[in-house]
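Here the sequence shown is numbered in full-length UniProt numbering, starting from 1 and rising by one per residue.
Using C-beta positions, here's what the derived DEER-type ranges look like:
id : residue 1 : residue 2 : range
1  : 85        : 167       : 16 to 24 Å
2  : 166       : 5         : 19 to 27 Å
3  : 100       : 145       : 41 to 49 Å
4  : 90        : 169       : 21 to 29 Å
5  : 167       : 144       : 31 to 39 Å
6  : 64        : 5         : 37 to 45 Å
7  : 169       : 96        : 19 to 27 Å
8  : 143       : 46        : 35 to 43 Å
9  : 184       : 80        : 19 to 27 Å
10 : 76        : 33        : 21 to 29 Å
11 : 29        : 146       : 20 to 28 Å
12 : 157       : 44        : 31 to 39 Å
13 : 100       : 44        : 20 to 28 Å
If you are wondering where the hints come from, they were derived from the structure by calculation, not from laboratory data. For every residue, glycine included, the Cβ atom is placed at its ideal position computed from N, Cα and C.
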Amino acid sequence: MTTLQGRDATALLVIDMQNGVASGLHQRDQVVATIDGLVTRARAQGTPVVWVRHQSDELPEGSETWQIIPDLVPAADEAVVDKRYGDSFEDTTLEDTLAARRVGRLVVTGAQTDACVRSTIHGGFARGYDVTLVSDAHSTEDLTQWGAPAPELVVSHTNLYWQFQGGPGRTAAVETAEEVDLTAH
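Using the sequences and the hints given, assemble the complete structure.
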């Protein structure tokens with residue numbers, strides 16, 4: 001149902017699963033295993049997998065913290081999009097990458113729920129994409145000492161509110177990794 005004409009493909013988006021981000025994630029190993037399972041399914045079904053990698057003062061390009069975690073390795077033919085802002089579309093090649101693959105639907109995973117994942121699901125939806133958030137394939141770190149809710153509540157709240165997102169001509173959904181369809185719609 002995307003508003004993007006001629007874009008009937010689905011892509012699996014893996015956001016910021018980097019050494020400097022993933023090390024402190026709530027339920028890290030479970031989330032990584034879930035993402036790995038989705039990547040394996042996407043590859044088997046011919047669904048594009050697009051990796052997003054954040055660059056910042058804390059994650060300088062080329063550093064160990066900037067590298068994608070060794071548990072998840074992009075294939076040679078999979079796009080890796082570098083970004084400097086929370087929204088993976090902002091000042092990046094993501095839109096061109098998705099357009100070249102005729103993608104109009106995003107299946108979103110990664111980190112951090114309350115930052116780059118949230119910014120990207122909203123950014124994609126505002127740009128006309130159908131956006132499915134995989135409820136058990138995103139996470140965040142514990143920021144309670146700065147007044148944030150506990151990470152499990154951040155994940156739960158994001159899953160709750162995203163299922164009620166709406167807009168003309170496009171859809172938002174929340175599905176488990178087991179439920180999500182990675183084929184074109």
